[in-house]
Amino acid sequence: MLYSEKVFDHFRFPRNMGEIADADAIGEVGNAKCGDIMRIYLKIDNEVITDIKFQTFGCGSAIAASSMATEMVKGKRLDEALQVTNKAVVEALDGLPKNKVHCSVLVEEAIKEAINNYRKSQENKAE
Amino acid sequence: MLYSEKVFDHFRFPRNMGEIADADAIGEVGNAKCGDIMRIYLKIDNEVITDIKFQTFGCGSAIAASSMATEMVKGKRLDEALQVTNKAVVEALDGLPKNKVHCSVLVEEAIKEAINNYRKSQENKAE
Amino acid sequence: MQSKGETMKIYADNAATTKPTKKVIETLMHYTEQVFGNPSSLYTTGQIAKDALEDARERIAKHIGCMPNELYFTSGGSESDNQAIMSAAQNGLKNGKNKIISSTFEHHAVLHVLENLGKQGFEIVLLPVYEDGIVRVEDLENAIDDKTALVTIMTANNEIGTIQPIKQLGEVCKRHNVVFHTDAVQAVGHLPINVKEQNIDMLSLSAHKFHGPKGIGALYVKKGISLQSLIGGGAQERRKRAGTENVPGIMAMAAALDEALENLDNKMAYVANLRDSLQKELSKIPYSKVNGNLDNRLPGILNICFEGVEGEAMLLYTDDAGISVSSGSACTSGDLDPSHVLLAIGLPHEIAHGSMRISLCDKNTMEEIEYIAQNVPKVIERLRIMSPIWKDLQEGKKEHVI
Amino acid sequence: MQSKGETMKIYADNAATTKPTKKVIETLMHYTEQVFGNPSSLYTTGQIAKDALEDARERIAKHIGCMPNELYFTSGGSESDNQAIMSAAQNGLKNGKNKIISSTFEHHAVLHVLENLGKQGFEIVLLPVYEDGIVRVEDLENAIDDKTALVTIMTANNEIGTIQPIKQLGEVCKRHNVVFHTDAVQAVGHLPINVKEQNIDMLSLSAHKFHGPKGIGALYVKKGISLQSLIGGGAQERRKRAGTENVPGIMAMAAALDEALENLDNKMAYVANLRDSLQKELSKIPYSKVNGNLDNRLPGILNICFEGVEGEAMLLYTDDAGISVSSGSACTSGDLDPSHVLLAIGLPHEIAHGSMRISLCDKNTMEEIEYIAQNVPKVIERLRIMSPIWKDLQEGKKEHVI
Ligand SMILES: Cc1ncc(COP(=O)(O)O)c(C=O)c1O
Ligand SMILES: Cc1ncc(COP(=O)(O)O)c(C=O)c1O
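Protein chains in written order, with our numbering: chain Y, 1 to 127; chain G, 1 to 127; chain V, 1 to 402; chain L, 1 to 402.
No wet-lab data here; the hints were simulated from the structure.
Note that the Cβ used here is the ideal one computed from N, Cα and C, for glycine as well.
Treat the hints with caution; some may be incorrect.
Claimed, not checked - Counterexamples of contact, computed for chain V against chain Y with all Cβ distances above 10 Å:
id, residue
1, N91
2, Y130
3, P165
4, R239
5, N273
6, K391
To be verified - Taking CB as the label site, the calculated pair distances span:
id, chain 1, residue 1, chain 2, residue 2, range
7, L, E141, G, T85, 40 to 50 Å
8, L, P128, G, R12, 39 to 49 Å
9, V, K223, L, Q228, 24 to 34 Å
10, L, L264, V, E33, 22 to 32 Å
11, V, K284, Y, I20, 26 to 36 Å
12, V, E399, Y, A126, 29 to 39 Å
13, Y, R12, V, K280, 23 to 33 Å
Assemble the whole structure, with the sequences as input and the hints as a guide.
So, in structure tokens, the structure goes:
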């Protein structure tokens, strides 16, 4: 089969799909030309990710990786969340085809981007 | 199928196969290297072929062409026999595959060779 | 979105491959079991196979309007394309001709060979296909010259189904004394073809595109054109294609073509009607766009783009609903770029990623069409809800391309 | 000579092609009917076909001792041979190597490509095979050098069945860092093969030689050796062989090989016993000669010459008796020369014309052998009576060659 059962499960029933209207931070990577865009919305309370949502324009594995990655970082402290690698996401999904691994990289980047944006906004506030 | 019904018939039940111990003339063409040898034995009475036999080392169509050609010239006057072309033999056989037409040429040559040999022996006698 | 126990199973990707018919399977069976001899063998068991082979050759030749000795059996469309083009290129070189004219949206089996020939010094000219996916005869007229060794233009495109003006293109080639090849893999069995009337010098076909078996095809080469072998060895196929002949496959291909061309006009009308009904329904989806010329199209092909969604995801949700269709999305090919065909007709990348190709055959029913028409909009809606692009489009942060 | 209503039907030309087994036919049927999807398609119907494809690849790879990703599916032995040799030649050129070593009695699918490469400037060295039909390792050792791009020697010869010292030849190649290809079309399914143990870098096989279907084969290429495509286009077979995969054919090939290798030792002994019994009987015919090394031979092959008779006629009378065998006679090939294999082992033309190849499989029975042993002598006798050569031999006008 194209994907593992896990990938199909997360693709068919994506967790944390949607948006957070009053997000504390948003991260977006990719572009439509390449066929992949991921947007991550974060709610953060005292350095902990209390809520996370994603929107993804992309293939089955992009959606599944988004779903899985958001599950993995939800409830984690930001510094812990930054430790969640794309490799861990791929493993949690029971693997991705070689040419689809870049989808997991994108999610990792999107989450990092969102956290970075959060940090920046905090710095701005602090200044 | 490889050959016409006629060819198979003459191949399976060759007419005039064998030798004539007291032949008036013998003609032989071809060589074993090329995979075809035909030998024609003639009995001639008053310029008429009264008996004819062949021996052939060669493929199915070589045997069939020998059989058919001997049938066609048997009972004919020598000058008439010389008119029997390989084309006529091929037609009488309802055709031969293109790469087998040379077998019919060989029979024609073998018969001509036998007749020539007969003429030469007659000339020798006359001298 | 999972259907509630009432999922239909619909195969609507007949341009990718087709389901062999009962007759085809029976033929394949019969010849595999009963006529297994080697056609090069002289004994009866071999000659029966040989006779079958020549019977198939005659039947297929008749169906495309050529002589049996102008038809060579190959392992399929790709091999036929490769051999035709390589051969014409080699012949051209011998006469100092090193230019080949084709189009931007040919199948990879053509483009790949052209690319290699380009590296070897051939001048490769790819004619544009415009927004409607149709090559212009004038463009060929302008490009062709006495350096031209070959013109190769497909009869009908495999993604958008547009039919090329083959007869007129062939006429130009004839006038300039240039060999004209057409990849008719999508056309044979689906459209009437006659190589003589259409001025075709070489033609590729593949059995599995018209309900025949996989791994078998043919190449027509007009008498007088010298054909070089791609696979050399034994004396099969008049020394132009070595390898023990796949007689069961060849017989099944002949059976498939016999069947496909029976009542072809009616079948074409039937399939076009299904396609048009579906097109009407799916066009109701906002920000959708049907690709390619609507009039000169294979009866069975509908190619449509939906803004804001990605093709692979679309295809997989559609599959969950029991429907098999394909997409020109990059993700379906392993490349980063979406289908070269969709780019060739000028679609922007983001739209090309969201394309769906539905290809029907005369085994599809109106009930299936209705089911597709019900389910595809749900899939699109679902994906648009997920899509950050769609959100931006809706909120006016991004401009609609469609 | 026509038998009196008690004709048996015996197929004894298994080196030409084999009869597909029941299991093979069922597999072919099942996958043609039920698993018709295109393996490149992402929906379930396609992925089921893809899974089957990879399952077959694993099974076949295991049978020859390679990794699945070292195996490429092709349309048969000829294509595999062509691709392997073309590819190694191209790779060689890139490294300034332009010499190829082979043997004088390879199959035409090898010799034809070598001939073309020779015209393109490659130095082609054909090692002798001596009277016993076996390449000498020392000869390879002497011929191989740092200009050598490829060595290609068949595993077992298709006419006389002699088995080559593959492992040792491969060892020489390995030592000299030269790619070693073997045409194992006659060997796979008939002999134990292990590419790693036998130092083989590339290997060709063809399904119809081991009771699989026609039109399908494979090429093993050791990881690390770059393979060039012969048929280019789509991304199938890791971009090395374009064309929609013939999944039913591939599955049936895997089934055939599974079956062929089950109990291989017993089958080899059984078939060799049939062959040896027949050899004993036919050797009683005066002025007959068994060709090739008697010990290193495929279990099923017996090649024997009869002085004074021509092969095609012999084959056709044998066919009339219900027995299918082949001959290396010129007349069976359409050439003027008899089999290059028989000439390569030093047979004089006139003897080579009178050769008979009987190739058995484990479906043949001792009853059939007895029938053949009864009928062949009658055919030989009948033809000798007809033969002017035989007369001359008998009368001492010509000397016996055997
Ligand atoms: C030794 C050998 N190599 C190659 C081939 C070619 O195989 P195929 O006919 O499957 O292309 C054959 C049989 O014809 C053969 O016996
Ligand atoms: C237009 C076109 N040409 C060539 C091919 C290649 O045919 P095959 O897969 O039979 O080699 C295809 C289908 O894959 C096609 O659609």
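Exercise. Which earlier hints turn out false for this structure, listed by number in ascending order?
Worked result: Numbers 6 and 7 - these are the hints that the structure violates, sorted from lowest upward.
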